[in-house]
Amino acid sequence: MTDPPSGAGTTGRHAPLGIVFTLAGVDDLTFTRILRDLMHDPAFRRPLQVQAQEPRPGAAARLTLVFHPEDRALAAAATQRLKTLLLRHEVQVDDVIVPGPA
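Counting from 32, one number per residue, gives the positions in the sequence shown under our numbering.
Keep in mind that the hints were calculated from the coordinates and are not lab data. Fair warning: there could be bad hints in the mix.
Estimated spans, in silico, between C-beta atoms of each pair [to be verified]:
| no. | residue 1 | residue 2 | range |
| --- | --- | --- | --- |
| 1 | 58 | 131 | 30 to 40 Å |
| 2 | 119 | 46 | 25 to 35 Å |
| 3 | 60 | 124 | 15 to 25 Å |
| 4 | 66 | 126 | 10 to 20 Å |
Built from N, CA and C at the ideal position, the CB exists for glycine as well.
Throw the hints in and build the complete structure from the sequences for me.
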């Protein structure tokens, strides 16, 4: 995701950014358990949003932590929490895409 020039949208806020985690080799059951934990963890509360793409044949599971640039500190803390949560489920993160500075 990219940040378009000068606050997009009608709210005056910048377009959201996203930190993408690619989780190769995660099965449906493990992915469901991870999502359950995310839903009950206060680190992922609003204004943050988690977008999920379940594992499919030929495509790894993905989790995207979506946030506005002004919420970068919350997103950084949530990223660390997500890493801990994934380790608890013995999930290796194969790829992380982090947006550049705002």
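Checked hints:
1. 58 / 131: 30 to 40 Å: For residue 58 and residue 131 the Cβ distance comes to about 33 Å; the hint holds.
2. 119 / 46: 25 to 35 Å: 32 Å, holds
3. 60 / 124: 15 to 25 Å: This hint holds: roughly 18 Å between Cβ atoms.
4. 66 / 126: 10 to 20 Å: Once the Cβ atoms are compared, 19 Å apart, the range 10 to 20 Å for residue 126 and residue 66 holds.
Of the numbered hints stated above, none is contradicted by the structure.
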